[in-house]
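These are the residues of each chain, in order.
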Amino acid sequence: MKPIVKIESVGQEFPTRAGRFVALRDINLAISPGEVVALIGHSGCGKSTLLNLIAGLTRATHGVLLCDNREITGPGPERAVVFQNHSLLPWMTCSENVMLAVERVFGRKEGKAKLTARVVAALEMVHMEHALDKYPHEISGGMKQRVGIARAFAMEPRILLMDEPFGALDALTRASLQDELNGVLAKTGATVVMVTHDVDEAVLLSDRIVMMTNGPAATIGEIVTVDLPRPRDRLALAEDSRFAAYRATVFEFLYRKQLKKVA
Amino acid sequence: MSAVIAFKNVESMQVAEADVMAILPTQAAVSPAPTLMEHAPSAQEDSPALGREPGRGQRLVRGARELAKSVVPPLLGIALLLGIWALFSVKNNSIPGPMQTWDAAAKLFADPFYRNGPNDQGIGWNVLSSLQRVGIGFGFAALVGIPVGFMLGRFKFMNRMFDPVISLLRPVSPLAWLPIGLLVFQRADPAATWTIFICSIWPMILNTAEGVRRVPQDYLNVARVLGLSEDKVITRILFPAVLPYMLTGIRLSIGTAWLVIVAAEMLTGGVGIGFWVWDEWNSLKVEHIIIAIFVIGVVGFALEQMLLLLAKRFTYESR
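Going down the list, the sequences are from chains B and R. Heads up: the first sequence runs through residues 1 to 263, numbered per this note's numbering. Heads up: the second sequence runs through residues 1001 to 1319, numbered per this note's numbering.
Mixed in with the good hints there might be a few duds.
Computed list of lysine-lysine pairs in DSBU-like fashion (alpha-carbon distance at most 30 angstroms, straight line) [unchecked claim]:
#	chain 1	residue 1	chain 2	residue 2
1	R	LYS1232	B	LYS109
2	B	LYS114	R	LYS1232
3	R	LYS1232	R	LYS1156
Label pairs and their computed distance ranges (CB to CB) [stated by the list, open to error]:
#	chain 1	residue 1	chain 2	residue 2	range
4	R	LEU1308	B	THR58	40 to 46 angstroms
5	B	LEU235	R	LEU1308	49 to 55 angstroms
6	B	PRO15	R	PHE1185	49 to 55 angstroms
7	B	THR188	R	VAL1165	54 to 60 angstroms
Read the hints as simulated data drawn from the structure, not as lab findings. Here a beta-carbon is modelled for each residue, glycine too, at the ideal position from N, C-alpha and C.
Could you build all of it, start to finish, from the sequences and the hints given here?
The following block contains the structure:
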């Protein structure tokens, strides 16, 4: 299958007072349609930097990023982003927040009723139809992140970019949102790149785990293909020896090969 | 606050305060029925003795106690102020006491909107024309200050460029600009408005700029990822994000403007509460000056509360 996103010998440098800081070097990666890829690594390994490059929020200093064979020169609605801290606009209701995205993508072609239907459908998908007219400060952190996910899905993007989407949530809420996301992914067959630092999350959700070496000048260390059948059930997997093996591989990489020197 | 400080100079204060202390606990802690009658007469009919269900009575007692807690201290504060004033007027014959002032006020407010020529108008007209000057001066300040604030917040270069100018001019009393206004406009009335413009513009510019600088990067990233058009970015993201800061600027501006207008009008004359104070001083109607002080205070308080309410309406709990 033709990859949706191709990353070719990408490097990223930032100018600092002490000279140039090399954040990323020699990144090569191709992401196929329907694939769920997790980027994992210690903090400061540039995994968020890489995601921002795919999103087009920053431009690479070396190499090329392609989306559907076109160079990524800036952000675009075909690459939706779920931010770590939900980033809902507090002066709009949940449905207005989602509508802002829907309007941008479909507003020229579709009428008001159809757009509203899209908003409702997106919020129903994450079980937030009860909060259509609620403001972000009226709902919990987990619910806000659901709305953030709904906003991204509502744009019907080619690829969904998630930057530690559940990082700010407590463990129980995180687990329920992971299950929910798994369900949505099964339903939509979406292509996802997700930054995480949670090994279980990476194994549970993704088809491939891209493990990054420590920065500076971080690059891809190893890639693990997670060959677990879907749908994946959290409880069943807890007893599954393959799940444990994948988990062990990632831990091995993170804590033996790339153990971060304690600052 | 100032009332309490002033009290320390008066010997009899100790006694008064002791009395106050003695009254307070009884009202707050002991049976509410006797003391509460004056504040909440309805509580009497439903007092626990008559109530069929004790729960309801208890709730009433608690509610009345809460009411007492919120009503009694402010009343005591005002009573204190009146007390000092009365004491002061007894010792100093030239200062009219509360009763004398009340009588004068009753006469004054019986006809607040009379007109006997340009220099003799009712207090209502004076207050209104002061408010009008503040409104016009402030309006121009907002018209100039909000766009300038947006530019200073958005562009670092502009900020660096104007920072020394603003730092230099901001601490200057707006009244120092009055002669320039008189010179340019050749008339007293626009000159007063001009001083209001000058004193209002700094908080408007600085708060708007600060608001623009504080728009969270996340919101701007959302705008970029969604690919919103420039006008949508301004109307749906920047403006609502900056609005609370702008309203703070407006509140500070209006507060200062109301302080300054009194002084400006004393210098320029015409119709206005500041001029009126000066006029009454020239005819030695001290009770009218005291009334004016209260009126200025009440209007200033009302303006502040209105703007606070407005700001509350447009403040979004984020997170």
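Verification of the supplied hints:
1. The straight-line distance between the Cα atoms of R/LYS1232 and B/LYS109 is roughly 18 angstroms, inside the 30 angstroms bound, and the hint therefore holds.
2. Proposed proximity of B/LYS114 and R/LYS1232 is supported: the alpha carbons are some 21 angstroms apart, at most 30 angstroms.
3. Restraint check for R/LYS1232 and R/LYS1156: satisfied, since their Cα atoms lie roughly 23 angstroms apart, inside the 30 angstroms limit.
4. About 41 angstroms separates the C-beta atoms of R/LEU1308 and B/THR58, a value consistent with the hinted range of 40 to 46 angstroms.
5. At roughly 53 angstroms, the beta carbons of B/LEU235 and R/LEU1308 sit within the given window of 49 to 55 angstroms.
6. A hinted range of 49 to 55 angstroms for the beta carbons of B/PRO15 and R/PHE1185 is consistent with their spacing of about 52 angstroms.
7. Checked against the hint of 54 to 60 angstroms, the C-beta distance between B/THR188 and R/VAL1165 comes to roughly 56 angstroms, which is consistent with it.
When held up to the earlier numbered hints, the structure conflicts with none and fits them all.
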